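Enquirer: Spelled out, the chains give:
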Amino acid sequence: MEITRLLRRVLASIWFTWLESSNWTHPLVYLGYVLVRPVFGTLIYVYIYLAFAIYTNAWNPEAALYVVGGSALYQFIVSGMSSVAWVVHEEREHYETLKYVYISHPRLQEYLISRGLFGYILGVFLMVVTITVGSILIGFRSFSLNIPLILIGILIAILWSSSLGAIASAISLFSSEYGTVIAISFDSFLMIFGDVLFPSEQLPSWAHSIAVGLPLKDWMALMRFAIFGIGTPDFSTIIVYQVLKTVIIFSLSLVIFRFADLLIRRKGYIDITTEH
Amino acid sequence: MLMLFLKSAFARCYIRIKGGNRELSWLIFEVIMPLLGIAAIVYTYNFLGAPKAFVGFVILGGAMFSYWFNVLWGIGMNFYWEKERGNLEKILITPSPLQGILLGIALGGMFNTTIRAVTTVIIGIVIFDAKFNVDGILPAMIIFSLTIFALYSLGMCFASLFLKLGRSGWRLTELMQEPITFLSGQYYPLRALPAVLQLVASLIPLTIGIDGVRLSLILGSSLTDLRLHLMLLLALGVSTFILSYYILRLMEHRGKKDGSLTMRWM
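Protein chains in written order, with this note's numbering: chain A, 1 to 276; chain B, 1 to 266.
Excised from the complex, chain A in its bound form (with noise of 0.2 Å):
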């Protein structure tokens, strides 16, 4: 009974953040939109590859493949991870409806992943067309999907990374001005610290250590050989860490959300907005 209103309760979320992302414009204009920034961006990614190869007369496709390839990966995490995590500040500063969420919702928390669930529909989308045209681009053909592991992969990556954009919210709970910025610098430490465009070996090694203790190396690894067969990572070793790692990620998001939670109400944050 529980799971059935809880399942309810989800795909309303998922059906309301639909409407409220769409409802501006016909369905296949919406389709184009959200294409739009994902496809430029693996074009972006494609043309650094070919500066530098044009430039320089020095062809690497297997780095090109790790461009092009980490950047399609990044696109699925961030659409949902930024879903969760710009939820607070849209219905806070711009809807003014985050306190009629918390009073009929059982848990804000629970909504605020809900609502993430449509972003990490939307990122296999994104994933899938920036992966085909990249690999259109630089040449590519010849994959090795282990769907499976991809699907353990996504599994595994939508339960930390909505941990993470749950965190992110828990924070901008308590900032009407920062909200935008929390979200988009989670978006950007991971683009750093993630193995997404480089490995982070080529970082400073303090830079490094904080690389390795994220789970986005890692599933970078994991997705880059379940996809394109790239390396020969011990994937049984990794889905472990990943395991860990979610696990330690979802406990502390549940521990900072129940702070964040308690704090906000005493000090009447809900509806607070700044007018930017």
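If you are wondering where the hints come from, they were derived from the structure by calculation, not from laboratory data. Computed from a predicted structure; not experimentally measured. Worth double-checking, as some hints may not be accurate.
Keeping only pairs whose Cα atoms sit at most 25 Å apart, straight-line, the calculated SDA-like set for lysine to any residue is [unchecked claim]:
id	chain 1	residue 1	chain 2	residue 2
1	B	K256	A	T25
2	B	K52	A	S188
3	B	K164	A	Y95
4	B	K18	A	Y33
5	B	K18	B	L107
6	B	K164	A	Y33
7	B	K52	A	H94
8	B	K52	A	E20
Quick look at which bits of chain B chain A covers, simulated, 3 or more residues with Cβ under 8 Å [to be verified]:
id	stretch
9	96 to 106
10	163 to 175
Example chain A residues on the side facing chain B (calculated, C-beta under 10 Å, incomplete) [said to hold, decoys possible]:
id	residue
11	Y33
12	Y47
13	H94
14	M191
15	L197
16	Q202
Ideal Cβ placement from N, Cα and C applies to all residues, glycine included.
For this one, chain A is given, so just place chain B on it according to the hints.
Expert: Relative to chain A, chain B alone:
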């Protein structure tokens, strides 16, 4: 009338500068955020094994691109935000001309973004050891000034358009980030693009500006070498500046006619 125009511009410019810099943490975030993007691309070029000159390309491109963000979100979306907050109706009933207010927003935005862009370049030079040609500073400054004039004139056109377009304008603003990043050659030399795309890209002031500043500061081009850049930027700047005046009048008139000027969340 001219005095009122200038006073309105000055007053709005003052608010923007004061508001944009009153909070030190804002300034820090607005410098760090573009730096993270720049750092990601610099490390990517390192990973690919690119020559050191690419670092300078990326830093200059990243710093100049912050003006585009300011033009889109700070200038283009301004009247829309004012409408959303319920301020636009108050602005409209004052004797201040909208054009003066828009000019003030643009000048304030230029000032604020310049502080952030210069800081980004300085930190970028220190961290990534980028090298620039000192003799190219004067031509770069001239190209840069014309680019800013053309960009902010374009931003004033956007402000009127987005006021009318409402939420669709907001989406359009989002859509003008990655495609313009791609076409402007923010992270790579423009010559890497196919000729047709270079032609399309040359209609965007930012593209010409980034290319001109890079040519002077990295490759040592003189003003004579950059005369085509100068002419294009001047032509784009003057035409969009004049256009912005008429578009604003048109959109204000239309908005009053169909009653959409103060309609929120649409």
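Enquirer: Indicate, hint by hint, whether the structure satisfies it.
Expert: Taking the hints in turn, this is what the structure says about them:
1. K256(B) x T25(A): OK: K256(B) and T25(A) at ~24 Å, within 25 Å.
2. K52(B) x S188(A): OK: K52(B) and S188(A) at ~24 Å, within 25 Å.
3. K164(B) x Y95(A): Holds. K164(B) to Y95(A) sits at ~20 Å (cutoff 25 Å).
4. K18(B) x Y33(A): Status violated; Cα separation ~35 Å.
5. K18(B) x L107(B): Holds. K18(B) to L107(B) sits at ~12 Å (cutoff 25 Å).
6. K164(B) x Y33(A): holds (19 Å)
7. K52(B) x H94(A): violated (44 Å)
8. K52(B) x E20(A): violated (46 Å)
9. 96 to 106: Coverage by chain A is violated for the stretch 96 to 106 of chain B (0 residues, Cβ < 8 Å).
10. 163 to 175: holds (count 5)
11. Y33: holds (6 Å)
12. Y47: holds (5 Å)
13. H94: holds (7 Å)
14. M191: Hint on M191(A): holds, closest Cβ of chain B at ~5 Å, below 10 Å.
15. L197: This hint holds: L197(A) lies near chain B, its Cβ roughly 4 Å from the closest one there, short of 10 Å.
16. Q202: Since the shortest Cβ distance to chain B is 5 Å, the answer is holds.
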